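Engineer: As you go down the protein sequences, you meet chains A and B in turn.
Reading the first sequence from the start, the letters are residues 72 to 482 in the working numbering.
Reading the second sequence from the start, the letters are residues 39 to 275 in the working numbering.
FYI, nobody ran anything at the bench for these hints, they're computed from the structure.
As the structure is a prediction and not an experimental result, all values here were calculated from the model.
Every residue gets a Cβ at the ideal spot worked out from N, C-alpha and C, and that includes glycine.
Just to be clear, a hint being listed does not mean it is correct.
To be verified - What follows is a list of derived Cβ distance ranges for each label pair:
#, chain 1, residue 1, chain 2, residue 2, range
1, A, Leu380, B, Gly221, 29 to 39 Å
2, A, Gly87, B, Pro166, 36 to 46 Å
3, A, Gln481, B, Pro166, 26 to 36 Å
4, B, Arg240, A, Glu76, 44 to 54 Å
5, A, Met450, B, Arg112, 26 to 36 Å
6, A, Leu380, B, Arg240, 46 to 56 Å
7, A, Val82, B, Arg240, 12 to 22 Å
8, B, Glu68, A, Gln481, 39 to 49 Å
Said to hold, decoys possible - Non-contacting residues of chain B with respect to chain A, defined by C-beta distances greater than 10 Å in every case (computed):
#, residue
9, Gln55
10, Glu68
11, Ala81
12, Asp106
13, Asp134
14, Gly160
15, His188
What the hints assert, rightly or not - From chain B, some residues computed to sit far from chain A (all C-beta separations above 10 Å):
#, residue
16, Gly74
17, Asp116
18, Glu126
19, His144
20, Glu218
21, Gln237
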Amino acid sequence: MSAWEVMRTAVFALRGNWLRSALTSLGVIIGIAAVIVMVSVGQGTQAEIDKLVSGLGSNRLDVGPGSRRGPGGARLSASSYYTLDEDAAEAIRNEIPEVQYVAGSLRGSAQVVFAENNWATSWEGVQPDFFALEGWEIAEGAVFDARDYGGASKPVILGDSVRRELFGDAPAVGQSVRIGRVPFTVVGTLAAKGQGGWGQDQDDVVLVPLETGRRRLQGSTGLPPGAVQQIAVGVAVADDLAYVQGQIEALLRQRHRIQPGDEDDFRVRNIAEIVATRTQTTRLMSLLLGAVASISLIVGGIGIMNIMLVSVTERIREIGLRMAVGAGPTDIRRQFLAEAMLISLVGGIVGIAIGIVGALLVGRLGTLPVALNGQVIAMAAGFSIATGLFFGYYPARKASQLDPIEALRQQ
Amino acid sequence: MSAAVGTSDSRAVIHAQGLGKVYSPGTQAEVVALDGVDLDIRAGEFVAIMGPSGSGKSTLMNLIGCLDTPSSGRYLCDGEDVATLDAEARARLRRDKIGFVFQGFHLLPRMSALDNVALPMGYVGVSPDERQSRAQAALESVGLGERAGHRPNELSGGQQQRVAIARALINEPPILLADEPTGALDSRTGEEILALFKQLQRRGHTVVLITHDADVAAHCDRVFVMRDGRMHEEEAA
């Protein structure tokens with residue numbers, strides 16, 4: 072029999088008990104749909120992380136304040152005080168040649184007002200390398216010039232979300248806005264970056280020169296002169312990252328006169344490490360999701376096996392007759408295997424359709440990122456066929472090994 | 039009667055020599071079903087194998103039909119030695135050499151008469167179009183050309199057996215093996231079926247009829263009687 076004919080015979084046999092066939096398919100439908108949705112979610116999350124990695128750059132270090140013990144030994148919050156300053160940033164730049172960019176920064180939150188519009192956002196006081204480190208592009212206007220960093224002028228660059236909220240489609244450059252009660256002049260706007268890896272709006276920010284921020288926006292809360300909250304460091308070659316991290320730690324310990332054995336009052340964070348941890352977590356999640364989906368597929372497969380075994384028993388006379396008229400064990404095995412595969416194939420096709428719809432729904436309604444691609448679908452199709460083959464083989468073999476004499480005698 | 043009278047055993051379509059079959063050998067449940075049976079049936083003969091139940095005639099039929107292999111002795115089915123063949127090869131032999139007709143018809147209930155008749159051709163590789171026309175012709179040759187589209191449950195017992203006979207003939211096997219073909223039919227319908235077998239014999243088919251009914255056996259050219267696993271007598275018809 073040709074493959075086409077074997078398939079037609081299988082269709083005929085399955086139609087004879089179509090409700091049972093359909094219910095058996097349902098197991099595969101659920102399994103395949105689950106695989107598609109789960110894997111799509113897993114891949115979507117992974118894609119988000121990849122975006123995060125490329126957004127932050129894998130050759131970047133962040134130096135922040137460390138936790139310090141208070142008088143009673145209680146740990147104080149890391150950001151509650153300032154252990155870093157512009158001089159430290161300069162020292163990192165000058166003494167570690169592998170370092171390409173260094174930018175100290177301060178940040179805070181403020182109300183930004185233009186005419187009758189106002190918007191609560193965060194401001195960031197920055198140094199020149201900040202733009203290169205963060206990957207900011209200027210959409211309109213220009214970055215701060217050397218004089219702006221002196222602290223006398225009050226220029227501001229608006230993030231895309233802030234620009235939209237305050238100005239809509241009107242031009243922003245040259246306009247005057249107030250941050251808190253201080254008037255600033257808009258010198259530029261940033262190109263939109265979109266959502267960040269943690270789901271935050273990266274464009275909801277305004278940038279001012281570091282010195283201006285310290286003087287005008289930080290308030291008179293008694294900052295040490297030249298203090299910064301954080302120093303971002305960019306390394307020219309990503310492979311040098313660990314080495315530079317050690318160099319920075321050594322340099323700052325020396326500058327801060329920390330004795331061997333004492334705790335650092337600063338912390339160097341390696342973005343790549345954070346991302347790696349997160350990637351690992353996501354991998355684990357994908358694996359678990361995949362495992363859950365696979366289990367439902369296995370359950371579906373067992374359903375196929377069960378029904379095929381019942382079918383072999385029910386049709387034992389038919390098998391005997393087919394053998395008597397010349398069907399060999401191979402013919403019988405092929406026929407029952409075809410029926411099992413057809414059940415799982417139909418289940419697979421319907422499951423793929425439901426899985427695609429389900430993944431799109433999750434992407435639209437849920438908070439989980441979803442990446443649906445042809446690879447996932449092809450894999451699911453392959454799985455469905457493999458399920459039919461695997462779970463259909465034993466019943467088919469059992470049918471093919473029947474003794475035709477016994478089978479014919481069965482009533 | 040046109041019984042073949044050739045004497046050469048090599049021209050026999052069924053040639054059995056010292057055929058034995060033992061079930062569960064070496065155990066307490068050992069049963070000797072066949073004990074050294076010799077049998078020669080030539081092409082174009084119409085023979086009956088008789089015997090009460092338990093005489094070994096079913097075992098003999100299974101061996102002749104290549105459904106089973108003998109424990110001892112030799113069986114040549116149209117010249118092929120069956121003893122050495124595996125299940126796959128025996129299936130091919132059945133397909134090419136044997137047409138089965140059963141007491142219970144054994145038609146597939148969901149298929150039309152035409153599809154039932156066409157079934158064996160699926161294992162030969164005949165094209166679907168040719169299958170249809172050949173099955174239709176076979177149905178016409180047993181007088182059921184009009185009933186091709188009917189399902190078995192829409193046909194009478196005699197008609198169902200005609201469909202089964204058409205199916206047995208469809209691959210043009212040299213041997214037609216009928217196991218109590220009239221057992222499920224009333225006597226008038228049984229006569230019709232026997233008349234059909236005679237007709238087939240005249241067209242050159244070899245017909246082997248297994249029965250316990252002496253009236254049925256009386257229609258045949260030669261009658262073999264099985265008793266306790268032995269081919270006891272051979273009476274002239």
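Engineer: Determine for every hint whether it applies to the structure shown.
Structural biologist: Comparing the hints with the structure gives:
no.: 1; hint: A:Leu380 / B:Gly221: 29 to 39 Å; result: holds (33 Å)
no.: 2; hint: A:Gly87 / B:Pro166: 36 to 46 Å; result: violated (20 Å)
no.: 3; hint: A:Gln481 / B:Pro166: 26 to 36 Å; result: holds (30 Å)
no.: 4; hint: B:Arg240 / A:Glu76: 44 to 54 Å; result: violated (35 Å)
no.: 5; hint: A:Met450 / B:Arg112: 26 to 36 Å; result: violated (56 Å)
no.: 6; hint: A:Leu380 / B:Arg240: 46 to 56 Å; result: holds (48 Å)
no.: 7; hint: A:Val82 / B:Arg240: 12 to 22 Å; result: violated (42 Å)
no.: 8; hint: B:Glu68 / A:Gln481: 39 to 49 Å; result: violated (25 Å)
no.: 9; hint: Gln55; result: holds (22 Å)
no.: 10; hint: Glu68; result: holds (18 Å)
no.: 11; hint: Ala81; result: holds (20 Å)
no.: 12; hint: Asp106; result: violated (6 Å)
no.: 13; hint: Asp134; result: violated (7 Å)
no.: 14; hint: Gly160; result: violated (5 Å)
no.: 15; hint: His188; result: holds (17 Å)
no.: 16; hint: Gly74; result: holds (21 Å)
no.: 17; hint: Asp116; result: holds (14 Å)
no.: 18; hint: Glu126; result: violated (4 Å)
no.: 19; hint: His144; result: violated (5 Å)
no.: 20; hint: Glu218; result: holds (13 Å)
no.: 21; hint: Gln237; result: holds (22 Å)
Hints 2, 4, 5, 7, 8, 12, 13, 14, 18, 19 from the earlier list are contradicted by this structure; the remaining hints agree with it.
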